[in-house]
Each structure stands twice: as C-alpha cells, then as structure tokens.
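> Build out the structure end to end from the sequences listed, making use of the hints.
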Amino acid sequence: MKYTCPCKICFWEDDGVQFRDPDYEGGANEVSLRQAQKNFFKFGACEEGCIEFVRKPNGKDIKDLNWNPFI
Numbered sequence: 001m002k003y004t005c006p007c008k009i010c011f012w013e014d015d016g017v018q019f020r021d022p023d024y025e026g027g028a029n030e031v032s033l034r035q036a037q038k039n040f041f042k043f044g045a046c047e048e049g050c051i052e053f054v055r056k057p058n059g060k061d062i063k064d065l066n067w068n069p070f071i
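Note that full-length UniProt numbering has the sequence shown beginning at 1, numbered continuously upward.
Treat each hint with caution, since some may be false.
[As the list claims (entries may be wrong)] Between beta-carbon pairs, the in silico distance windows are:
#1 60 with 23: 19 to 25 Å
#2 26 with 60: 29 to 35 Å
#3 13 with 42: 17 to 23 Å
[To be verified] Lysine-lysine pairs mimicking DSSO-like chemistry, simulated, CA-CA at most 27 Å apart:
#4 8 with 38
#5 38 with 56
#6 42 with 63
#7 56 with 8
#8 60 with 38
#9 8 with 42
#10 8 with 63
#11 60 with 42
#12 63 with 38
#13 56 with 42
#14 60 with 8
For the record, the hints were derived by calculation from the structure and aren't laboratory data.
We treat Cβ as the ideally placed atom computed from N, Cα and C, and that holds for glycine.
Here it is in structure tokens:
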C-alpha cells in the first residue's frame, strides 16, 4: 500500500476508495471527499480540526486543470 502525506493546503490524504466513491466516510480520511471539499470552501481545511495544519496556496502551487469539485 502506498502512503501519501496529507496535502499542506487542505490536509486531505489521497484515498482511491474515497475518490471512486466521494460519499464514503473512513479510510485515509474521517470525512467523505464531498464533505471535505465543502469544508475547504467553508473554512479552508478538509476538517475543522485540521485548520492549524494547513497553509494558504501560493504562486508555486498548481491546480490540475481537469479538477472539478464533487459538490
């Protein structure tokens, strides 16, 4: 199993199961991917308890042009 570190911008850890089923809670993250995206837009982290671990995006961060939110 490949381990990935949580994202420094939102603190989400990639999880193939949650990517295939954005409403699945559990696995690498407690909340679902859909809920994590809502949380990020609301308060800047995938979960409220992770706010202290995130940073704002900067000019060196590149968003995938094919990215679309599940919300």
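> For a quick check of understanding: which of the numbered hints are violated here, in increasing order?
Of the numbered hints, just 1 does not hold.
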